[in-house]
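Two chains, each in its own frame: build the complex with the hints.
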Amino acid sequence: MSLEVTLEFSGGAELLFDKIKSRVVALPVPRPDGAKWTIRAFLVWIRDNLLKERPELFLQGDTIRPGILVLVNDQDWELIGELDYELEAKDTILFISTLHGG
Amino acid sequence: MCSVDEDEQIRAQQRLDQAHEAALAMADAAEPPPSTHGSDGQPRPNGASVSLAGAAAAGRGGASPARACVRCGQPSGVKTASQTFYCRSCFDIVMSKNTRLGVGQLQAPKGAGNKVLIACSGGPSSSLLAHTFIGLLHIDQATLSDDPKAAAASIERARSSKIFTTAGLVHIDESVLAHAFSLDAGSGKLSGDAERIAIAHAEREALSAAESTEATIRANLLTLAKRSDSPEWPLITARIEDVFGSGLVSGGGSVLLRVPPVNEVVLARETTEPSPAELIPSAASSSNRDKFLTMLAGVGSLSAREDLVRVLRLRLIVHIAKSRGYRYVAFGDSADRIAQNMISFVAQGRGASLAYDTSLLDARDPDAILGRPFRALALKDLALYARWSDVPSEEAPTLASGINLFRLWKSRYLLRVQQNDTTLPAIPDSVTPVPAWKLAFQQTAAASQSNQSSQQIAASISTLTEAFVNALQRDFTGTVSTVQRTSTKLVAVPPKDEERSCVICHGPIVRPVVFSSKPAPTLLTATASSEKPKEGGCGSGSGSNNSCACSTEPAASPIVPPSSSTSSCCSSSKSNANTVPTQAVLDATCYGCSVILRDVTSAGTLLPPMVAQEFARATSREHMRAEISEYLLSDDDDDGDD
Ligand SMILES: [Zn+2]
Ligand SMILES: [Zn+2]
Chain A
5 MSLEVTLEFS GGAELLFDKI KSRVVALPVP RPDGAKWTIR AFLVWIRDNL
55 LKERPELFLQ GDTIRPGILV LVNDQDWELI GELDYELEAK DTILFISTLH
105 GG
Chain B
499 MCSVDEDEQI RAQQRLDQAH EAALAMADAA EPPPSTHGSD GQPRPNGASV
549 SLAGAAAAGR GGASPARACV RCGQPSGVKT ASQTFYCRSC FDIVMSKNTR
599 LGVGQLQAPK GAGNKVLIAC SGGPSSSLLA HTFIGLLHID QATLSDDPKA
649 AAASIERARS SKIFTTAGLV HIDESVLAHA FSLDAGSGKL SGDAERIAIA
699 HAEREALSAA ESTEATIRAN LLTLAKRSDS PEWPLITARI EDVFGSGLVS
749 GGGSVLLRVP PVNEVVLARE TTEPSPAELI PSAASSSNRD KFLTMLAGVG
799 SLSAREDLVR VLRLRLIVHI AKSRGYRYVA FGDSADRIAQ NMISFVAQGR
849 GASLAYDTSL LDARDPDAIL GRPFRALALK DLALYARWSD VPSEEAPTLA
899 SGINLFRLWK SRYLLRVQQN DTTLPAIPDS VTPVPAWKLA FQQTAAASQS
949 NQSSQQIAAS ISTLTEAFVN ALQRDFTGTV STVQRTSTKL VAVPPKDEER
999 SCVICHGPIV RPVVFSSKPA PTLLTATASS EKPKEGGCGS GSGSNNSCAC
1049 STEPAASPIV PPSSSTSSCC SSSKSNANTV PTQAVLDATC YGCSVILRDV
1099 TSAGTLLPPM VAQEFARATS REHMRAEISE YLLSDDDDDG DD
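For the record, the sequence lines run as chains A and B. Residues 5 to 106 (our numbering) make up the first sequence, in order. Residues 499 to 1140 (our numbering) make up the second sequence, in order.
Pulled out of the complex, with its shape left as it was, chain B reads as follows (with noise of 0.2 Å):
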């Protein structure tokens, strides 16, 4: 039985461990003579910096690298997002350290039930992560042969602290996505029959693509889940699209009841193995894929569908993990997407919980735990180390990716079709009738203001977020981990009002409540009053704290979310009430949702069945409140209400 001294003991060593990486961080990056970085301090732009360029004319043949490790001095094999030099033997070793000083954060009180689910997307992140608990939790010889003296000492802590006592792998298939791909081609005009034709063989690409990638992710997940030497290591797959699923409903509290229709495989060593092929998830629904595509459709733009497929995903895996005993999830986000999800959340309105969605640890809800212990380490170091850790990874095309695949395919096969190229397969008849999501999606596209041309790079706010984190870090080294750290500073406000949450994303609504007479000040969300303007109307104000003139208006459009938007911030009031989520939807998500519904274009777009019922839930707490709340007002009319 471990004591609560050596529990502290644990933490104390952990803490010393840490604050020595830290000392040997800022020893490593001090290391460096000068001479790589401009006399600016500006990181030389263009890779060659004169002394190494003048090294690679020296002696050619990649044999002589111009810098030293900074470890061990031998010549270095990569240079670290942080501009450490390492040979490739001290990298892995570092980066083995690393990984498991990151794990090892995850502090969980002991006691039953903590179990650990990690989010696998099937990327090198949250494969390593996977790869990492397998040898903390399991202490698998062969992957920690690299320095004995640090692999006994993790596995020593590992023993003794026993942070998790058992994990699993959940990983969700949204090769669903593969039918939005083509978005909005064929809604436009098209040049003729050979467009149709080059589009129907891109459809079949985009299918066969995503299916045969998913299959590789399944094979490298259970490659990964093999390794362990647990008698149990379950790999469980759901789809996206099964948040639709029956199953998914909500009970009274905020625990989803009944399992989604997925697969579990546990893996267990004197049973014959299960081929990839046997994980493939419960076989697809194609009612709840009509309705999952559908719903897409029905969002207008492309950021607003990555963010609802982000948060509904979020919601399923926090589902599964609830519905199976997993009271931790970890992710695999590292610094780079932390940097990119500070600025990316902030654009779609979520900057109010931005400091959970980018902390270590988001304990919010007690009964799931997630956890980030990747956060500070930079994606290229665990790319680079998860190839050379021969940790297998595939990653599935986002919306996004998919669609620019997909305008690449279609302009290959219409040159092909052009040029009569007999080799094209026969592309089977068109499917009659046109699913109801299709005709969704080219209605969408048809309606959209904003129609990005087929010939641009389809972009979304976290793509776009992503190319400038990117492109900064090129040229300044210290983007990512500054905007990384940043978020660590952020201070998470626990919600006042615990009863208060979205029915989306179950994020805090810190939109004051309509009848407040005391509005939040501190926070980072635009703040909307349901009172009269007191400051300008539309369009004034200084963005952060613009109230809107809209929503003095009468009837039942007591707040209009604001707009960040460069659109008019009247416009869900304004146009067709059939066409518009309804205002009650709107004041039971927090802003960053009420964002996405805000572009939901189509009359009847359905929510997940979990959504539903969870606005049933909060619409009539929400009537009881604002009964009580008439008698709570002192000092404010409330002459806009009916």
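So here's chain A without its partners, still in its complex pose (with noise of 0.2 Å):
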């Protein structure tokens, strides 16, 4: 089982991962902790899975860096609970910087 969302990266993001601009990834269902998949658990995912080397670039802490927007489904992520959103198959994720340079 797995749970199949859209990643999606402009305004510079996608240069920390491979240029690529919106790539399906397959997310383990369940999480071996039993957890939903919440943004704050798929930034971990990112993390972990692609963007080993230097995760400071993309995130701050147990969130997102200041300065990069998120949008679920083209939606304000402010809207719907932030890190605490739980992901739904087909939901697309997109991160745009709108850091100086990418």
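Do not rely on the hints blindly, as some may be mistaken.
Cβ-to-Cβ under 8 Å is the rule here; a few derived chain B residues that face chain A [stated by the list, open to error]:
(1) Ser-574
(2) Arg-885
(3) Thr-896
(4) Gly-900
(5) Glu-964
Since the hints were made in silico from the structure, they are not lab data. All figures in this text were calculated on a predicted structure; none of them were measured in a lab. A virtual CB, placed ideally from N, CA and C, is assigned to each residue, including glycine.
Structure follows, in structure tokens:
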């Protein structure tokens, strides 16, 4: 079983991720600890699977680096609980860097 | 023909609109119930307020956002940087209005030559700026369909005012910087062949990424330009290293005479449209590239390098504007950038011109008036609006972000090399001989005292400031708007002596003239007196008016730029004369640029010819001034002078 979501990057954030702007990722379900796939957990997954080397360019602590916007299905994540939002199948999570120079 | 009365009517109308908008904004801000904020008035730290979390848990799926749009009551889709909730369509309407109002603020006197050049980095703000100008100038119906009333009003306003008659886009290609991303790579101890190979791979990746990013930016800008219904909408591209072009020669006045080797494509509807590939700036001149990179390598700190690139980019844009008859240049600086610049410019010794550098209109040079119409708009809002308005954007890495990317790529390649990844492409043999600029970078890095570990994030004053402002903004949502609004309170003091402008950035030189007996009192920058220190010596004083003991050194050092860094303020005068810029050059630069020059570490670092030429003029002027000044001296001795 897996949870398939679309992971997108723009504004220069894609340069951290092999310049791939959009990809479908399959998240293992259930998670080892039995918890839900929140964005908080998803960020950890991104760090461990896609950005092992320099996570600080994308993450700060357990959240996203300030200056990187997050849209879930084109909706501002600030409206849906941010880190606590639970991913659903076919969700599209877009990270837009507004940092100077991406 | 438009009469003066009509003109005034339009302006009155715009003032009205702005007042209305401000009232709306205040109402918006007041409207949301206080429940999202903690009782201490602090914004919730972590997104999920109690009510929101409850609602999200009750009915999940994104279909039931807890907050309603303040404008129409529908479920909201965005929370603006100012914490206002809008649905997507209301957000579009409000942003469309705000961006147009911003551009509408760029009032220009009527007359021929009111052409505006839009400086496009490729990022969302400046692309949106181009998009807005296109909408205002050429009234593309397709982009105005959201709110018929508002659209009709702006169309009417644009038609009747005709603030600008023509516009063009300019983009400065900075892909040359990709050569500098590897900076200190290879200067330290390499762990062996594997690391050397990884560096070579990462260098190649940096260059190819820079090229493809530039190609995308050109394609994006072309897409934007094509949306105008104007028969002519030039897209001008130039390379940053063209500041070393032979075309950039100063004339007797302040205007640069010849046109640099830029590529201009005029989009004519009837003819075949150019492909983005045809917009590649004139073949990169390898000699300009080498000079540019050698110059960059000669500057010791990342902050100073970034500042130098910024200043030269501005000079190049202004030069292009002037040589093409554009009297106005519009920049896409958002409130966030202005807030960041407010802090970083002060940190970089540019406080004296802060009022201009953050202003809506900087008209110091009447032939090249600089405008920042988006300076009150939040970057988040601009970026989202750009995305949702189908305004394509792509941003090239800066020096600092590129260095970080390089380090990331290098460690990835290192891993692959160490794992004997056979899918790695073969790397070409290293270029021999190694280019001079590359050696210069390595020397500078090796000599640098404050060697940043390549494991850390490369940090410059501007990236640190950006991170600082962003982090504050996340927790205190009024940060950016407060700092940005502070910038509007700054009063621009017109330069007293228009002759004395910096040979590098054209900004005012506000350090008191060497022989002046009355130092200017109200300046933001530190002042340096050439006279004997009256209070304390090096390092004493309150920083903002710190006189330096070494300024009394005889010889040719009447002024040592006051140091704001932790290094000794005497360092520049004590080091080998060959390794620092001459005092004369420092005297002809503003404080901010002298800070850059102070970081020049390698001998023979060349500045672009336009700087050299202006320096030659400035020194002859200064010489005259000095001679005259001797007769003007009254109460102070100039015993320090030969
Ligand atoms: Zn609405
Ligand atoms: Zn300057």
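Here's how the hints hold up against the structure:
1. Ser-574: This interface hint holds because 6 Å falls under the 8 Å limit.
2. Arg-885: Holds - the Cβ of Arg-885/B comes within 8 Å of chain A, reaching about 7 Å at its closest.
3. Thr-896: 3 Å, holds
4. Gly-900: 7 Å, holds
5. Glu-964: It holds, given that the least Cβ distance between Glu-964/B and chain A is near 6 Å, below 8 Å.
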